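Participant: Sequence:
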Amino acid sequence: MAKWVYTFGDGKAEGASRMRDLLGGKGANLAEMANLGLPVPPGFTITTEVCSFFYANGKNYPVELKAQVEAALLHVAKLTGRGFGDQKTPLLVSVRSGARASMPGMMDTVLNLGLNDVTVEALAKNANDRRFAYDSYRRFIQMYSDVVLGVEHHLFEEILEQFKESKGLLLDTELSADDWQVMIRAYKAKVEQVRGAAFPQDPHEQLWGAIGAVFGSWMNQRAVTYRRLNDIPESWGTAVSVQAMVFGNMGETSATGVAFTRNPSTGAKELYGEFLINAQGEDVVAGIRTPQNITEAARLEAGSDKPSMEMALPAVFAEFVRVTDMLEKHYCDMQDMEFTVERGKLWMLQTRGGKRTAKAALRMAVDMANEGLISREDAVVRIDPASLDQLLHPRLDPAAERKIVATGLPASPGAACGEIVFSSDEAEQWQHAGRKVILVRIETSPEDIHGMHAAQGILTTRGGMTSHAAVVARGMGKPCVSGAGTIRVDYEKGTMSVAGKVFKAGDTITIDGSLGQVIEGTVPMLQPELSGDFAIIMEWADAVRRMGVRANAETEADARMARKFGAEGIGLCRTEHMFFEGDRIVAVREMILADDEAGRRAALAKLLPIQRGDFAALFEVMAGLPVTIRLLDPPLHEFLPHTETEIAEVAAAMNVPAKRLARRAAELHEFNPMLGFRGCRLAIAFPEIAQMQARAIFEGAVEAKKKTGVTPLPEIMVPLIVTKVELDLIKADIDAMAAAVAAETGETIVYTVGTMIELPRACLQADQIAATAEFFSFGTNDLTQTCLGISRDDAGSFLGAYEARGILPTDPFVSIDQVGVGELVEIGIARGRKVRPDIKLGICGEHGGDPASIAFFEKVGLTYISCSPFRVPIARLSAAQAALGRKAAGQA
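Letter by letter, the sequence shown follows residues 280 to 1171 of this note's numbering.
These aren't lab readings, by the way, just hints derived from the structure by calculation. Computed from a predicted model, the values in this text were never measured in an experiment. In this text, a Cβ means the ideal position worked out from N, Cα and C, and glycines have one as well. One should not assume that every hint holds.
Label pairs and their computed distance ranges (CB to CB) [unchecked claim]: (1) Glu471 - Lys780: 41 to 49 Å; (2) His432 - Thr452: 13 to 21 Å; (3) Ala931 - Ala836: 27 to 35 Å; (4) Glu946 - Asp1007: 27 to 35 Å; (5) Met605 - Arg1165: 30 to 38 Å; (6) Pro803 - Ala931: 33 to 41 Å.
All chains, full assembly: derive it from the sequences and hints.
Facilitator: Next up, the structure:
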């Protein structure tokens, strides 16, 4: 019989942390903590396989599941001395989700399950606390109704706020047991009004309703969005953990909190977190009450007048420190923990690897390696390459004037500037329109995930350092200021007011997530400094990676940026990018308009010194590193104006008849220009173009060598080859220019000629092409287009639907299609190496900066990858991780 349920508690568990795929992250770690002898409330986990079964079978369960759940409930009852549904000593449980990858707040949770009109009285009697019991019951009705019955949360909040206002009360903790009984009656009436049925009183009905809701939440919109943003497969499913309740809302010796073993913003080795006395877990993250600091040092730093946990509950704090130290050493990583204190006893509810900023991740990895907790290779593997993007962009200039309008908590470091928006839908719409926005909310919820992703930064008026906004923003690498309590947000009016000043949607503000500042207008930025822990991790990564990392660059500035980020050469110089400015475009247009070869050569003679200077500058910056220069690639029509107004303006500037320009533009028009007169076809039809570019390359190399004394390493790449004959013809022109320049200057430049493999036929004919080509560079952008028959520029209208329906796992222009395009790459590599074993193999498409694609390129044995300058560190780290992954799998 299949096993669908695993129990834990009382110092032992049927599961362990290695069973993460089956038990989900939460269930696996609860089992592990139980096996370690830590104080974990007993419970059981329903496996992720049930979730898969649930969706594959019309939302039905395996036939054995009910009996296994009943047996597990009896096991928990035995350990706790309480019975589920018992009218005298009731067992109450929490029902929580737990996917194998952390998805904080994306799925549903139900607490205090098992309460009804009878068991609430038993709870009150057993706890000797009527207020606590009825507070727990109203929480359960509110949460269960929202999560399971579909009665919206805000309906209950409105009832509660009106009641508190009528009695002149501010905090929930000021309400008495009698007050909560009034609220419970009102809540139940609201449920019956909305759904036409009474609130369920049977604990078993409640339990199965909650289990179904948690499995159902795997496919809610926010979870789907989070999975898409974080590349989490839908097929993984979620587990469900059912656990005996422990209560942090049983008076002044009870509490609940969230803590990290190290600072998730800075990486400092210090206990970091917040807690609330006489509260349940949702109170800490909801931002309704201001949380208190865990440690006294943090309280003093924050200037809080509320006691820290260290002072208010010293014995519990000492035990908590012992547990946190044990967990970090056991998992060899910073832990994010949830805990409850019930009348002076500590209970651990969860531990997981904590979300952290890129800066913190680097510091933790380096510190832990230096502490001997992990190896240097572990440190390299631990950093998410994509997170480095947080460090590679500008920060606020500390010397710039700041018109600070409010200060909140520095919830997620970094700075952002943008237009104010007050809804997540609006943030997404404006971002799609090319506008940079700051999402301003009273507090965020999991439904805001798409808006947070679209925004440059997040500002909330409520919430602490462990609020939803703070945790999610840190995970995304977005700057966040939370708990800016002096700001008043009016969603209906679309305004944000502070200190007598009103900001409307569309007004520009800047937030500094490192200092918690909200600033009027725009603040100047400074370029990043890549030193310290970043430089150390990069050094460790470079020591283990196999593939080289180059940059795509055409300008001297881009080349310098690439060197700064550690590029080992230029893998793609798109020469057409050099033609679109000033006098250059005029000369190109003259060449296109020329009626014969003599006219074209006259125009190209004007471009020669410009190109020579461009190439010389690149060779100087690269100082002996390889520079791959692609000959002119795009269709000629791209250089001509298209509208009547543009044609008239250009014609006047060039002193040619507008009709002539319009006629030539019409002649060059193509229905499918990406598959038309471009690439090597230009050099075949007009050899003088390639000849001019080759001469400019060799003359630029000679010029750079004279200036620097370093011999340049030009690699000349012919684009869009489909047959060896094309490459032979163009290589002959290149060789002739090399010989001519050597004769004229007395300098012989060593160079190689290769091709861009970007068409399926080129992959299939790679053995023949390799007889001439000294290197291949796979142009995976066009190879993807021509392999899949998808236009990258037009695919946006349907790719989203293809991803959503599982036809394509991800956008093939972002992460390479390994089974289709990837197989063509493998064929090209194998056939090329068969003829030329030492052939240099690179990739210069957008995939060169994608970590998942880089792992594939490591597997197939490319020599190097090339990407945009800002993605070079990401590529270096990804290449190192790919090499270590192959080594761990015994494939290196």
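Participant: Now tell me, hint by hint, if it's right for this structure.
Facilitator: Structure-based check of each hint:
{"no.": "1", "hint": "Glu471 - Lys780: 41 to 49 Å", "verdict": "46 Å, holds"}
{"no.": "2", "hint": "His432 - Thr452: 13 to 21 Å", "verdict": "20 Å, holds"}
{"no.": "3", "hint": "Ala931 - Ala836: 27 to 35 Å", "verdict": "32 Å, holds"}
{"no.": "4", "hint": "Glu946 - Asp1007: 27 to 35 Å", "verdict": "29 Å, holds"}
{"no.": "5", "hint": "Met605 - Arg1165: 30 to 38 Å", "verdict": "34 Å, holds"}
{"no.": "6", "hint": "Pro803 - Ala931: 33 to 41 Å", "verdict": "39 Å, holds"}
Comparing the model with each earlier hint shows no violations; every hint is respected.
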